[in-house]
Structures are given as structure tokens and as C-alpha cells.
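Peer 1: Taken in order, these protein sequences are the chains called A and B.
Counting from 1, position 366 in the first sequence corresponds to residue 366 in the working numbering; the numbering is continuous, with no gaps.
Counting from 1, position 378 in the second sequence corresponds to residue 378 in the working numbering; the numbering is continuous, with no gaps.
Bear in mind the hints are in silico, worked out from the structure with no lab data behind them.
Keep in mind that this is a model prediction, so the values were computed, not measured.
You may find that some hints are simply not true.
Away from chain B, derived, C-beta distances all over 12 Å, residues of chain A [stated by the list, open to error]:
{"id": "1", "residue": "Leu97"}
{"id": "2", "residue": "Asn103"}
{"id": "3", "residue": "Ala204"}
{"id": "4", "residue": "Thr349"}
{"id": "5", "residue": "Ala357"}
{"id": "6", "residue": "Asp359"}
{"id": "7", "residue": "Thr389"}
Partial chain A-side listing against chain B, Cβ under 7 Å, derived [as the list claims (entries may be wrong)]:
{"id": "8", "residue": "Val312"}
{"id": "9", "residue": "Asp344"}
{"id": "10", "residue": "Ser419"}
{"id": "11", "residue": "Asn471"}
{"id": "12", "residue": "Leu475"}
Facing chain B, a subset of chain A residues (Cβ under 7 Å, in silico) [to be verified]:
{"id": "13", "residue": "Val342"}
{"id": "14", "residue": "Ala348"}
{"id": "15", "residue": "Glu374"}
{"id": "16", "residue": "Glu377"}
{"id": "17", "residue": "Val381"}
{"id": "18", "residue": "Ile390"}
{"id": "19", "residue": "Ile425"}
{"id": "20", "residue": "Met428"}
Cβ coordinates follow ideal geometry from the N, Cα and C atoms, glycine included.
2 protein chains.
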Amino acid sequence: MASLTRRTSNLELHNHLYPVIMAGGSGTRFWPLSRQLFPKQLLRIMGDETLIQQTMRRVVCASAPNRVMISTNPAQAESIRVQLSEWKDALTGNFVLEPEGRNTAPAIALVALELVRRDPDAIMLVVPADHIVKGQRAFDAAVALAATLAQQDYLVTFGIQPIRPETGYGYIRPNRKVILGRQGTLTGHPVSRFVEKPNATKAAQYLKAGDYYWNSGMFIWRAATILDEIRRHQPALFRGIERIGQLMRAGAARQAIDDAYRTLTPVSIDTGVMEQSKKAAIVPVSFQWSDVGSWGSLDEVASKDKAGNVVVGRVVDLDSRRSIVYGDRRLVATIGLTDMVVVDTPDATLVCPKSRAQDVKQLVDMLKRQNAPEYLEHMTVQRPWGSYTILEEGPGYKVKRVTVKPGGRLSLQMHHQRSEHWVVITGMARVTRDDEVFDLMVGHSTEIPVETRHRLENPGQATLHIIEVQNGPYLGEDDIVRFQDDYGRTKN
Amino acid sequence: MASLTRRTSNLELHNHLYPVIMAGGSGTRFWPLSRQLFPKQLLRIMGDETLIQQTMRRVVCASAPNRVMISTNPAQAESIRVQLSEWKDALTGNFVLEPEGRNTAPAIALVALELVRRDPDAIMLVVPADHIVKGQRAFDAAVALAATLAQQDYLVTFGIQPIRPETGYGYIRPNRKVILGRQGTLTGHPVSRFVEKPNATKAAQYLKAGDYYWNSGMFIWRAATILDEIRRHQPALFRGIERIGQLMRAGAARQAIDDAYRTLTPVSIDTGVMEQSKKAAIVPVSFQWSDVGSWGSLDEVASKDKAGNVVVGRVVDLDSRRSIVYGDRRLVATIGLTDMVVVDTPDATLVCPKSRAQDVKQLVDMLKRQNAPEYLEHMTVQRPWGSYTILEEGPGYKVKRVTVKPGGRLSLQMHHQRSEHWVVITGMARVTRDDEVFDLMVGHSTEIPVETRHRLENPGQATLHIIEVQNGPYLGEDDIVRFQDDYGRTKN
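One chain only, chain A, in its complex shape:
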């Protein structure tokens, strides 16, 4: 048991609190709204902000933006930086990139290692980037109580009161006889028992018993404590992480660190550490929570119309009930649906019963095997300077809308196989074409011949939109030679 002398005041405690947003998920189960390169956390599933934006806003309340750590991978980092650009400066050095997904234990260990280096008293608040939480005050209260238990070296998990006999989650039973802490109506207890995903009968029993909680995947612990417990229960993983720490301190090459990371045991923090530790504690929480694990789970959190439908976008309906209909810019018309899911995106539409929503994963696997581009990314692709949207592709041509943020500029580049035409539709464009530099206003255009060095830039205060028409025998994104780039993308 931790000594009380290390206990600090709430204010001091929060000075050592480091929210860690786990943002490495692939989110295939929300296809076609999510894509491999555009996972669920980046989606505006409910409300005006995306899930990761909501998560960021939720955790900075109890901390400060520059203490928020983002655990993700190189493929997603750019999109996340774009979405969290409100906190751009604070987050600059706080991205911890996994070279590849090795489950949660290595990812958490890597962040813990960085945090003990920064602050030996660091307390980590680990939250997935793509969950929905409703009730900021209840969340803050749970964090405050859990943090005091973490101070006492507990590994604290947040327990969610079950609302249905769910077979997709692990369950946790608290030892109610021992109260480790109390704050208002909230109490903290040692964990009496972890239960792996149960079958339907067991799940119904747990729901009825009323003393089992869903494992939310949110945790609080001291960075030093979790490293100790990883050393105890996953010694091989710990040695690997230690070695990575040494490589980092020695300024080793990125490749060496990546290679070391790839040898780590891919184990989850739940089964690899929590379920084996004597320090596991639970705080049953009162806020509303959903991991929005599939389209069907939107029912838990989204607001519904009188007939129980969740409707987003331009939808015209006759007599549908308890259905989820997601539109984008196009019109979606539905008649007489019951318990169905319809999701319409610019390049793909999904229709299935809610009861089959889990099988979207299987469908995405099929697409992947067929090499269908729709599994990978959207028609709109985020870039550090803005984004582009493919409006149409055909033999020998491609039409894009290109959006450049104020001050943004694309790399100085050249294409071997295509010419481009740019027409400005909003804002002002600064164009570099060979040795010329000139500005184009709305309604004006320019031509970029094959093998001509060029650059597009937005020198204005307003967002720049251009229509780009590409012509050529090959129009792949990889026909690009970059001479200079503001975002470090010149290496080929």
C-alpha cells in the first residue's frame, strides 16, 4: 500500500495528471464512414465535433493541453494533428508513435516510459480516442477519485453499470467490503474478479446480479506503477521497452527503435497486466458511456426521433422505425425500415439489419481481399496543408477539389505523366510554375504542363478551393517528385 506521505492536494495531483489518448484504432466496424486510413475517432458520429476532438476537450478539463499525450501510429498522426489543431502548439511534442500496432500493453508502456522521464510522479489517465462519454462533471469526479487511488499505487479502472446483457465486453466485480476511497457518492474498491467476455447466459446473470461492471478500457495509474507491474507480469515486454528507452536516450536511428518495437509481445493491458495484478482497483462511475463499437451501438447514445430512428443528413422517410440512417450530401430515401442501418457516403453505401452490424468487419475484410479502394480511404483525403476530394475519375483524367488552409502550401513538385489545370473557385491561389510566381483570383485558371516544377499556395486569410483537372496516361498519387516540402515529405 502506498504511503500517505506521498499523497498530495487535489491541485498538485492535477499538476501531475497526464491524459493519454489512445488513438491507434482502425475502426473497420464503422465502415463506410470509417476507413482504414480514417478510423472512427476521426468521425463526427454525434455532435459537432469528432470523437477525438470530444475526447481531447473532455480530458483537458482535469489537466492542461500540454500534458495530453497522443498514442497513435504514423499513418494516423497527420489526420489527428489536423483535427486537434486547436491545441497544435501544446501537443507538438506529445505524440508517441507506435511503429505498428502491438496491442495496448506495449503502446501504454511506451508512453509510461516517456512520462516517467518527464515527471517521476506522472499519473496517467488512459482513455480511448473513440469512446463517447456524456456528463463532464461525473467524469471529472471519477477522475479525481481514481487519481487519489492511483497516488496510492493502485491500477484503477472505470467500471460502467451494465444496461444490457452484453457479450462483447469484459466484466469486473468490485470487492465492496473494502472501500479504498470515497468522493461524494463515488467509491473505489479493490477488484474482486475480472471476467472475460461472457456467453449470453452469464451476461444475463451479471446484469441481474447488479454487482458486475463493464470494463470501459479507461484507466488511471502512476506511470511508474504501471511500468513496475509490466516488469512483474510481462518481463519480456518490459525488457523490450527498457531497451527502446536506452535507444531513445542514445539518440538511435528511427529504424533501430522501430525494429526493437516490432519484437514486443502484442498483449493487451487488460489480460497482460490488470487481470494479474494485486493492485487492480475499480471506481464504478455514473457518467453515460459507449464505445460505439458498431453501427448498432449508436442506439445507446444518439438522440432519436419519435419512431426511435437515428437520422443524420438529408433523409426523407416514410414509416421507418428504430433504424439508423446516415446520409452525407446526397439524398437518402427510406420506406418502412425496421431495425435497419443505412449509411451513405460519397463512394460507398451500406445497408444491413442492426443485428448484423458486427459483420461489417467481415465485409471490410472482403473488400480488402478484393483490393477495393473503398476499404482504405475516403474520396476526401486529409493532408497537412488541407485536403482534396476526388470528384470523378475516368480513363486518362481525374477531377479533384483541392482545399488549402490559409498559409498552407503544397510541396514544390513535378509529375512525369500528367498535366494539371487549376481553376480557383474560392480564395486566392499563389502559383509557382517553373520560374514564374503569380496569384490567381476566383474564376481564373492556369495550366501546369507535364514535367513542370510547380507549387500551389494559399497566401490569403480565407480558405482556398480550386478545381484541378488532371490529364495523362497514369494518374496515381505516387507520380510525384518533391523538391521542397513544409511538412518533411521530400524523401521518396
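Fit chain B to the known structure of chain A by using the hints.
Peer 2: Below, chain B without anything else, positioned relative to chain A:
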């Protein structure tokens, strides 16, 4: 009874046979594939040709292209001419335009009037443009027998053997005791009884009785006979048609003829004439037939996969059964659907159970009331010179792909409020811009400033495709001043 002296040989008979394609339908029940300005007959619902193309090909077998009459309205005539361009010259003078829809009796009377003028012995083969018939030889045989009965002044209808207790059609019972004619296994009989659309119990009885036939809406009669019968049973309508004939012969103004047409009784040929006539006869036919009256009816005619699904386009499915899934260029993913309809078009998607497919009409009415553009036309709009497709619209801009047929040219025109940029993506463009005329090859572009007279033309042998980017405060199609037009569209 007609005198046998008037009977002619089969060959002579066919020289007097005038197929009349009834092509005025609005086809809202096939939305979103059909639109008010793009009805079902123009759709490629099954096979490589559209329904009206199939209909044309079917009827020219027993006749000649220059004897085929097209009954339609001004809004649809252009699209029909485009689709029937294979027979362009033959059909030139054969379009009979109704100023507005007044049901089938006035439309048929108008064509009959024109035909007796051309050929007093004319026999009309009246066929809807948007039905599906399978079995050309069986069709030809039925036409041959029915035409001999028509020679004898019968009003002959084709009876379809029911395959289900349909409540949406009228039924006809032949008087089997009297055989008016015979050809192979086919027989013709007087009509014993017409039955209006029955309820489900009655429909089941008719199906079981086996001696009731569906009224197919296809007829054969002498033009002179049907006019006689209209005079007898719809005297007011007949007087109206006579007056229109006089106006036409006197070379009256279009407006006067239109005004006269609008006063005609809007009655169907079935209830207004056939059901009251003593000359009604029926030939029960052996060809497969469907009026494809709704998405659900595709089941009757379309080929299905093992699970009973009708699938068109880029569709990825897991476990669906007996469903209709229609895609276009985008990916449609379906899981576990049973008896559902999914139709995906570039600007609208429909999802409904087959059992509700009839209610698409109601949904389109809703869209019409809301003034939603999707009820009216497609993103792709047919024009006499080719077509255009809207790729994207936003504040101040619009992007189109414009397709110009070889030899086609747009009007010499000008816009007050928008500039345009054209980039050639396939073929060669001849551009008129003020006093200049120049050619543009693939990958080249030009700018058309506001208030500049311009024209786009395809002087080549291949189809021309350009991308057009419009900029301006107002981008409506009605901002156009036409100076010259090959298709008579210069009047404003």
C-alpha cells in the same frame, strides 16, 4: 361484322400495320432510377437497351421503322429521339405530341386521326413503351393473329395468363365458345367480361379459375374502327378530336390546337371504350410479359443469383436473399437483407422492403412538395448534342462533365453571370469564342469570360468529353442567351 372482302393477305396486312408506342408515362414508381424528366421507358432496366429501345426493336419486326408512331409529350420527345436515333430518319415525322397528359383515350384518338389521314386502312398496334416482353416469335404470332381480327373490325386486346393473384391489373374473360380466329395454338375470342382491378379474394379466384387474363394494355385495331367506337362511346371526346383534326388541316396555330386538346375528356381507352364496346376481342398470348410497375416487379423478369437476388452494378453482399440491389458507379455493400430493395444513384439512394415498393410514388410526391431537385431530373441530363453530368455544385461554382457526340454542337450562346473553363479530357473540341474559332486537344483548356459569345462543338469522329468549371454569383441553366442553335432552341 366486317366483310371478308376487305381481308387482305398477311403481307398486305403488314403494309398497313402501324405500331404506336405510347411513351408519355412519368414512371415515378421507379425512382430514383427514373425521374419526372427521365421516366421508366428511358431506363436500361434489364439488358443492354432501354425499355423504349427494346419496344422499338420488337415492333419493327412486324412492320417498318417509318410506320412506327411515337405518342409522347414535348418534355420527353427529345430524350426519346436521342434513344431512338438508330431510326432517326424513319421516325422524323412520326412523333405525335400531346400538349399534356389526358389519359390514353385522347392520346390514341390523336394518333388514329393522323393514321386514317395517312392510310384509311391503317391498323394500329398500340404498345406501351415501358413494358418488358420476352419471346419475339410468340409476340409476332400474337400480332399476326390479332391483326386479322382487327381487319374484321374487332378491338383486340392481348390477354396475359396470370401467374399470381395480382390486384393491380384489370382482368378479362374470353368467351371461349366463339373462336374468331386461330393461328397455330393461338386463338382469338370475343370478350365475355371485363373486370376492374379486383380485391385479393377475387384475384385469387380468377387465378384459380384459369380463364381470366390480365389486361396487358396492348391493343390492335383499325384506326377507323377505334375512331368509330370513340364516337359511339365518348361522343364529346370524338367531337374534340374532330375539331383538332380540322384545326390541323387548316394549319391552325400550335396554341389553338393545344388549347383544344386541353378540353378533351381525360379517360382511359379501357374504361372509356373497350369495356363498353361490342367489338372487344381477346387473344390470350404465350409470351412473357411484365409492366415492371415497381421495383418489386423486377422479380418477374430479371435474372437472379442462387439466393434469389437481382443484382446490378458494383455490389458486395453477405447473406442477402430475394433482394433487389441496384448500383451505379459507387460501391453498394449489403449484409443479411431479405426481400429488400436498394437503389443507388449518383444523387439519391432508396432503401425499402419489396412489399413497400409501391409507396415509392408517395415518397416522390413528398419530394415534389418539398421541391427537392431529385424528383425532377438526374445529375446527368440528356441534350440533343449529347449530355452533361453535374459533378459538384457549391457556393459560386459548378463542375460539369460535358459529353458532345461526333458532329454535335451546342448553341452559340452567352452567359450574363458566369465565366466558364473548359478542359478537354477525351476527343477534340472546336471552340468559338467571340470572333476566334480554334481547336483544343486532350489536356488543353480555354476560358470563356462572362458575356462572351461562345460555342462548343465536336468536329471529330470520337465522342468529346470536357470538364467545365463554372464561376459566378448565379449558375442556373436559365442564364443563357442563344444566338444560333442546331436544334431550334433559340426562342427564349
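Peer 1: Next, verify each hint and record whether it holds.
Peer 2: A quick look at each hint next to the structure:
At the 12 Å boundary, the C-beta of leucine 97 (chain A) stays outside the reach of chain B, the nearest C-beta of that chain being 31 Å off. The beta carbon of asparagine 103 (chain A) sits about 27 Å from the closest Cβ of chain B, which is more than 12 Å, so the claim that it is off the interface holds. With 12 Å as the threshold on Cβ separation, the claim that alanine 204 (chain A) sits away from chain B holds: the shortest Cβ distance comes to roughly 24 Å. Separation of threonine 349 (chain A) from chain B is inadequate, the least Cβ-Cβ distance of about 5 Å not exceeding the 12 Å criterion.
A cut-off of 12 Å between C-beta atoms contradicts the statement that alanine 357 (chain A) is not in contact with chain B; the least separation is 8 Å. Against chain B, the non-interface label of aspartate 359 (chain A) is violated: not every CB pair exceeds 12 Å, the least being about 5 Å. A cut-off of 12 Å between C-beta atoms contradicts the statement that threonine 389 (chain A) is not in contact with chain B; the least separation is 8 Å. Of the supplied interface hints, the one on valine 312 (chain A) is violated, with its beta-carbon coming no nearer than about 14 Å to a beta-carbon of chain B, more than 7 Å.
Because the beta carbon of aspartate 344 (chain A) sits about 5 Å from the nearest beta carbon in chain B, less than 7 Å, this interface hint is met. Of the supplied interface hints, the one on serine 419 (chain A) holds, with its beta-carbon coming within about 5 Å of a beta-carbon of chain B, less than 7 Å. Against a cut-off of 7 Å between C-beta atoms, the interface hint on asparagine 471 (chain A) holds, since the closest Cβ of chain B lies about 4 Å away. Violation of the interface hint for leucine 475 (chain A) is found here, the shortest Cβ-Cβ separation to chain B being roughly 11 Å, above the 7 Å cut-off.
Taking 7 Å as the C-beta cut-off, the interface hint given for valine 342 (chain A) holds, the closest approach to chain B being about 5 Å. Given the 7 Å rule on beta carbons, the hint for alanine 348 (chain A) holds: about 4 Å separates it from the nearest Cβ of chain B. Taking 7 Å as the C-beta contact cut-off toward chain B, the hint placing glutamate 374 (chain A) at the interface holds, the least distance being around 5 Å. At its closest, the beta carbon of glutamate 377 (chain A) sits 13 Å from a beta carbon of chain B; the interface hint therefore is violated under the 7 Å criterion.
At a threshold of 7 Å, the smallest CB-CB gap from valine 381 (chain A) to chain B is about 16 Å, leaving the interface hint violated. This hint is violated: isoleucine 390 (chain A) has a C-beta 10 Å from the nearest C-beta of chain B, more than the 7 Å allowed. For isoleucine 425 (chain A), the interface hint holds, since its Cβ comes within 7 Å of a Cβ in chain B; the closest pair sits about 4 Å apart. Annotation: methionine 428 (chain A) was flagged as interfacial toward chain B, and the flag is violated, the nearest CB pair being 14 Å apart, outside 7 Å.
Violated hints, listed in ascending order, are 4, 5, 6, 7, 8, 12, 16, 17, 18 and 20; each of the other numbered hints is respected by the structure.
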